[in-house]
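Protein sequence lines, in the order shown, are assigned to chains A, B, C and D.
Under the numbering used here, think of the first position of the first sequence as 1, with each following residue one higher.
Under the numbering used here, think of the first position of the second sequence as 1001, with each following residue one higher.
Under the numbering used here, think of the first position of the third sequence as 2001, with each following residue one higher.
Under the numbering used here, think of the first position of the fourth sequence as 3001, with each following residue one higher.
If you're looking for bench data, these hints aren't it; they were derived computationally from the structure.
Ideal Cβ positions, reconstructed from N, Cα and C, are used throughout, including at glycine.
A hint or two may mislead.
Stated by the list, open to error - Pairwise CB distance ranges (calculated):
1. B:Asn-1197 x C:His-2070: 19 to 27 Å
2. B:Ile-1154 x C:Arg-2121: 45 to 53 Å
3. B:Tyr-1291 x C:His-2342: 40 to 48 Å
Unchecked claim - These stretches of chain C come out as covered by chain A in the derived footprint (C-beta under 8 Å, 3 or more residues):
4. 2332 to 2343
5. 2351 to 2361
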Amino acid sequence: MLPSRLKRFDEAGLLFALIVMVLAIGILHPEFFDLGSIKTLLRQSAFVGIMAFGMVYLVSMTEIDLSVGGIYAVSATSAALLIKAGIDPWIAVGLSFAIGAALGALNGLVAVLLDVPLIIVSLGSLSVFFGLNLIISDASPVFGMPRDHAFFVIFGGEFLGLPSPAWVLLATGIVMHFLFFRTRFGATVRAVGSNRNAAEFIGIRVGLTRILATSLTGLLCAISASMALAYFRAVDPAMGEQKELLVIAAVIIGGTSLAGGSGTVLGAFLGVLIITVIDSGIVFFGIDTNYARFVTGCVILGAIALDRILKRSRAASSHMQSHL
Amino acid sequence: MLPSRLKRFDEAGLLFALIVMVLAIGILHPEFFDLGSIKTLLRQSAFVGIMAFGMVYLVSMTEIDLSVGGIYAVSATSAALLIKAGIDPWIAVGLSFAIGAALGALNGLVAVLLDVPLIIVSLGSLSVFFGLNLIISDASPVFGMPRDHAFFVIFGGEFLGLPSPAWVLLATGIVMHFLFFRTRFGATVRAVGSNRNAAEFIGIRVGLTRILATSLTGLLCAISASMALAYFRAVDPAMGEQKELLVIAAVIIGGTSLAGGSGTVLGAFLGVLIITVIDSGIVFFGIDTNYARFVTGCVILGAIALDRILKRSRAASSHMQSHL
Amino acid sequence: MNDIVYSARNITKRFGPQLALQGIDLDLHEGEILGIVGANGAGKSTLMKILSGALQADDGELRLGDNVHHMGSMLEAWQAGVAFVSQELNLFPPLSVAENLWLVPGRTGLTPTREFLTAARVQTERLGLKVPLSTPLASLSLADHQLVEIARALLQQPRVLILDEPTSALHASEVGRLHEILRGLRESGVAMIYISHFLEEVLEIADNVVVIRDGMNVPLESRGKRPTIPEIVTAMLGRASDAVHEPPARKTSTAANGVRKLGIENLRAPGLSIDSLVATQGEVVGLAGLAGSGVETVFEILFGVATPASGVIRLPSGARQAHNRPQAVASGVAYFPSDRKHLGLTLDQSIHENVSAVRSLSLGRDGPVPKVARQRQIAEERCAQIGVKMQSVDQPVSSLSGGNQQKVVFARWLEANPSLLLLDDPMRGVDINAKQEMYRIIRDLAEGDRVILFYSTDPGDYVATTDRVLVFNDGRIIDELSGERLNEHELVASMNGETAQTA
Amino acid sequence: QEPIKISYVLAVTTLEWTSEIKAGAEAAVADLDFPVDVKFAGPSNFDPGKQASIFMNETQTSPDAMIITNVAAPLFIEPVREAQERGIAVTWTNASPAPDFYEGFFVSADPTQMGLEAADVLAKALEEKTGKPAADIEGTMVLGVCVPGLSVLENRVNGLRSGLEKLMPKVEVLPTIPTKPDREGSFAIWNQAMRKNAGALAYVDACEAGNLNIIRIVADDKLDALSLAFDVPGEVREAVADGTFLAASSSNFFMQGYMAVYATATALHADKPLPSGWLKIPATMVVQSNAGDYNEAWKDMQPGLRAYYDSDIEKAKAAFEDGDLSPVAEYDNPPN
Ligand SMILES: Nc1ncnc2c1ncn2[C@@H]1O[C@H](COP(=O)(O)OP(=O)(O)OP(=O)(O)O)[C@@H](O)[C@H]1O
Ligand SMILES: Nc1ncnc2c1ncn2[C@@H]1O[C@H](COP(=O)(O)OP(=O)(O)OP(=O)(O)O)[C@@H](O)[C@H]1O
Ligand SMILES: [Mg+2]
Ligand SMILES: [Mg+2]
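Could you build all of it, start to finish, from the sequences and the hints given here?
Below, the structure is given as structure tokens:
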């Protein structure tokens, strides 16, 4: 039972790549296995990962949202400004969730109205959102949060020995996985991604589905932003810049296909961890600044190659088996 | 004759958007119509546009190359280093073209060998190439080009009253347009983009086509880099950073569909001009730095909306006509 | 014999645990048209893919002329003179017809030559394709796609030509033209394989017939010189056919009060003008017509895809005309599309996901969190009812044979439990036995309180299922056939505008 | 009287040191007794390519002068040359116009010098802490830089490194680690770096985001390590004031902006060409003792910092009037 399940476990290659990387670092630099190090890694992964879960839905619909960093920035800044204006952090963060979801929905709505792919709209809204962020923040950092307020204590701190954002990452991951594979909404997303014409043909409200998915992504950006706010207790105007590539990288390294119709939340989670671990590895191996980027790229390619080669050999062996 | 041709001219909406923008700036700020201003605009457009022409091929094959900026950087730096090492600029630039094409081909080769979309590979090679650039340049600018050498005089200067890169842009544009629509290679690219399974099925060498297209894109990055080198007569390690989004934006605003099978070199050209004109407009209108990005995004969205709405109404009117 | 051009010995092919072909032998002679028949999923297409290099056999030998030939790819096959018209069209919609014809491996040169374009024009005209070569393929109908695919193969001037269900989307006249061309090729010594579920067609064109059942050769026992259809069917199924189909006991339209009906009044749309069309519950009404006669437009209007210029429509569910597809589906309209690849299915999803799509996704009948076990069970039942040959409902639809995919399209719409069924060539590529089954299902559906409109490229289907047929020409209803007059001969004549008798 | 039109092209518009520059420039406009119009432009995120194209576009609006916050000289040299050919005066700030072009007018603090001074501050603090003379102190130090190849940052680190080597030869300064320019990205790197090199004497990043994160981690993990910052955003200033942070070495962007505008406008007003050479701005080392005054001055930047730097500004003005400039080449090749 187990082995056959494992064989059907698509993310085994990625998990293997991740384990190889973690061991390679940890055996040579045991400090890496410090709880502190792991915590940092998880917290960092949470900021990108929560957003990546939303992007899994979009990519599996053959859509790409380049404006996630912008939504993240606007949500974080608006929460911080509201808190500074004296609004209770819980309420402020709740409002910022609504803002994130609304910006996401706006993306989707424009894409549906103009009948263009989301990537086109988000090429524009990327600038609109970051611009909005500059306007509301007056291009200045916002700090001076009430650090003793429960929101900052709970989500900026730890819970059961792990950083709270890591728990939020886990929780959103499970919810998003379930939503994707077990609900009508998730199935609709996959059907639209797999063959949009056919989905439209049977009367699925494709436009509505697109708007819901972008709005969900916006919400997740805001959740991620609230975690960053809780931890850093401050917001930079440059926050979220160039996050889009990181988020897309996580999703795609994670194995969600751009061809649409399928996606993997778990894969995106592993993708985020791989990216974060590479950064740690660069530090632990003390790689020269001039070489760091080159090495990062090579390791990313290596991880992708390992994953695909394992997948292929697994496919071949299961094929062989069936011949016996 | 003419009106009907115009009706079939897919890029009319973009051209219209561009003209509206140019007039809006020029009427309020006549300096914009200075020859100097136009020259700057064209030179700027050339650096991005030449790369965008290659990306049109890739996007029409449902591929995206995120590493174009990296190829551009490595080509520019290697040409500059070779020139500094005393090699004749013509030869050095020729070699850098070969390097650009080779890096592009490498992207394609890895994608074919691993059987993954180019975007995945380029997520890694983006870092590899920029890293390589830091390594070969030792993270320092390269100065001291022989500015009186014919290469720098010709391509850093003007020809018939316009910047030479603008002529190169025009020439590559015409060649790439012709190659795309009139040759076997172009048809193969479009065929692979529209239905890869069918292309494979009937025995088209899909892998080879992908490698040729990435390699062509690499070559165009190198050509663009050589134009930048001729003009700037120096190379900075930061050169080429964040160019990928600009290039993709030009292609997609230009109307090349991510669905594959069709593309427009002319559209990419107009897309580049639109992006460049927006930047000029921000400057001429003296828009506050905090608002500039917001306005940029809004104008991009406006241009896209105008284009699509015109397209739709054109489609509707031609539909009407056919009923008569 | 030494005039064997192409032969296969002991061809075996597995897909996972399933043996799709188990030791097939085949000989193809010079100047022969070899008909191959078999039920859906028998392995015909798989064998053809192996013969044309698109798939590689696990075991067995291919012999081209006197040499053993390893068909490593379709490219090799093209080069060896083997051309293949596959069941699933392999074309490039954004490209022009000319580019689609030209873009085959082995052709060199930067651009199409003048001679090539001339040849292409002649070939397409002979096949009856009436558009300029510069037209983008995407704007052509499914039938025209099929013609382009055939033309592409013919232009290769092959020694061996393999045609896998080339006529499934063609009208009778187009089939006639194709057969004429094939006979011409036979004269010049080309060897051909012809696969079709229209057994009459196969008997008409083929010199010899080979039957495949469950991936094996089946001997065809014939008492005469040529096999008869019942003999072929017996060989295909391994038993005599259940029911030699009898035309239904046709009802006469009873526009009684209180029953559900579809009413169309004064409908005007581009290329369409209908004064009145009424269909009552329990009726199967055939809408027949040649390409472009307006039937598809009627379906599209009823399904909310196209908007008419004017007219009044009342749907059987009591709703007014639907303005978009979600509304139409919610008002009980179901549209069984003929283009299964693009509109009918999500090919990379599983069978059970495809079967439950309309019920669960469009209509939301399974609630926000559908139970997968239940969906699988329903799909299993449905597939068993229609006779889908499959391993399990978890396999992707793309791994089913063409005819079985078509049955899944049928299955998913039945799940909607519609009150108005628009059937657009629902039996495309379905084997003769399954067709009988589908006739029966359609008749049964009509027994409930449903209205059924039926369209097919095969005139025989009208005779087998419908109560009456409205014949369309140029967007108008020009004839109504029922009772005695509802036979293939009258129907074809009427469709071609040769109505001698008064309507 | 027509105002003198100056376009000031910033490297990035969203960091706090940018507002410092703006405040300085505006203070200069207020101080000048003839009308000057300063218009700011620049990319909102760090993107030298985009900045170069903004520069070129700005030259088309025919200003009298341009001031460039240089981060990547190769991208600006030709555009500057072109602008000068069209009769536009150009002033370089922040980082020098590189070897090809040492003839420009350049206003900036000296990052190498800042690095050296920072080394001094660290050495003194460690002497105090350990009770040993600097030359005998042992241990490691970790330096980071977020954008490799950016001369301002590299020079800061180089100055610091050579100062440390001179003052504390027994301290091992580890190879510079690559950090990130954004706060979240840099945080993970620093956290790991501090874990790998736990017990280092000091951690220093040449970038703002890194500084902020080091403060954070030192405070959270209650580390006994020193750190100082280059750049002085609000959070750093507070940290210096409350003692979490040893010091902050300010590039004095207020004065950079002030003097760039002042000098450029004065020269144009007098119809004189801009001189060639480097007008050095004194860097300010903010430590706990002067943090109170300094932070007070920031509360209302324009009058506050103007008053705070009054004597430095007067000195710089005098140096400019006397033509007391250093060779630009000193920026990359500091005299020993
Ligand atoms: N890619 C595949 N993966 C798994 N099974 C497959 C695949 N292709 C075909 N099969 C199976 O092989 C068997 C033979 O299929 P094939 O397409 O050859 O049938 P066919 O005789 O052409 O039927 P039809 O008349 O419906 O076209 C079927 O049971 C089908 O499910
Ligand atoms: N969108 C449209 N614009 C213009 N003319 C149209 C449009 N749709 C249909 N027509 C015209 O209406 C007529 C009817 O077309 P329709 O597609 O309904 O025929 P059909 O009977 O379904 O043909 P086929 O058998 O080829 O499917 C044709 O002449 C066609 O050209
Ligand atoms: Mg078949
Ligand atoms: Mg039709």
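Here's how the hints hold up against the structure:
{"no.": "1", "hint": "B:Asn-1197 x C:His-2070: 19 to 27 Å", "in the structure": "holds, 23 Å"}
{"no.": "2", "hint": "B:Ile-1154 x C:Arg-2121: 45 to 53 Å", "in the structure": "holds, 48 Å"}
{"no.": "3", "hint": "B:Tyr-1291 x C:His-2342: 40 to 48 Å", "in the structure": "holds, 46 Å"}
{"no.": "4", "hint": "2332 to 2343", "in the structure": "holds (count 4)"}
{"no.": "5", "hint": "2351 to 2361", "in the structure": "holds (count 5)"}
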